[in-house]
Amino acid sequence: MQEFRFEEYFDGTYAVMSYEGDEPDVVIPAQYGGMDVTVLGDDLFKGHSEIRSVKIPDCVRAIGSCAFDGCDQLHEIRLPESLEDMWQYAFARSGIETIILTDRIRSIVPFTFKDCQRLKTVICNSGLKEICAWAFDGCGNLDEVVFGPGVKVSPLAFSSLGQDRTPFAARDGK
Numbered sequence: 000m001q002e003f004r005f006e007e008y009f010d011g012t013y014a015v016m017s018y019e020g021d022e023p024d025v026v027i028p029a030q031y032g033g034m035d036v037t038v039l040g041d042d043l044f045k046g047h048s049e050i051r052s053v054k055i056p057d058c059v060r061a062i063g064s065c066a067f068d069g070c071d072q073l074h075e076i077r078l079p080e081s082l083e084d085m086w087q088y089a090f091a092r093s094g095i096e097t098i099i100l101t102d103r104i105r106s107i108v109p110f111t112f113k114d115c116q117r118l119k120t121v122i123c124n125s126g127l128k129e130i131c132a133w134a135f136d137g138c139g140n141l142d143e144v145v146f147g148p149g150v151k152v153s154p155l156a157f158s159s160l161g162q163d164r165t166p167f168a169a170r171d172g173k
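For the sequence shown, numbering that gives the first Met the number 0 begins at 0 and goes up steadily by one.
Calculated directly from the structure, the hints in this document are not laboratory data.
Since no wrong hints were added, every one of them can be taken at face value.
Simulated crosslink set (BS3-like; lysine-lysine; CA at most 30 Å straight-line): (1) 151 x 119; (2) 45 x 119; (3) 151 x 128; (4) 45 x 128; (5) 119 x 54; (6) 54 x 128.
Pairwise CB distance ranges, derived in the manner of DEER restraints: (7) 16 x 54: 16 to 24 Å; (8) 153 x 33: 40 to 48 Å; (9) 6 x 26: 14 to 22 Å.
Backbone N, C-alpha and C fix where the C-beta goes; we use that ideal spot for every residue, glycine too.
From just these sequences and the hints, can you work out the full model?
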């Protein structure tokens, strides 16, 4: 069973505001009422430890705070090219190991990946301009964050890894 509750957004599109379900593989609808779904709301999948994969439609532009918080079995997620914003704690305590950010994401805000203990690799594409303080707080197994030249990286972005482990590399992102 997968049931979603939608709310009209300010621009006439829709946000997914709540989810009821127990399936390991979730497919988010691309439209509701004939209009695009552009936002995944705050706390959308919070605590759904049964979720292993999520298919996000190509029209989604924002992922809200704590949307995947506690989805500790979440291993497979492909972010849509339309994605522009991920809010604080969007993937906190999730089970993702690798994530590829899209060209439209300009900033990784504080605590986006808080306590993602399985996160090892983050690939940032060419649009990224800033990695904020504590973006990867508590990501103890993080080995590599790849991003293009000129990205502003807060000295506290990787602070919980200790000074001897800085997993980022300023390389040409994809």
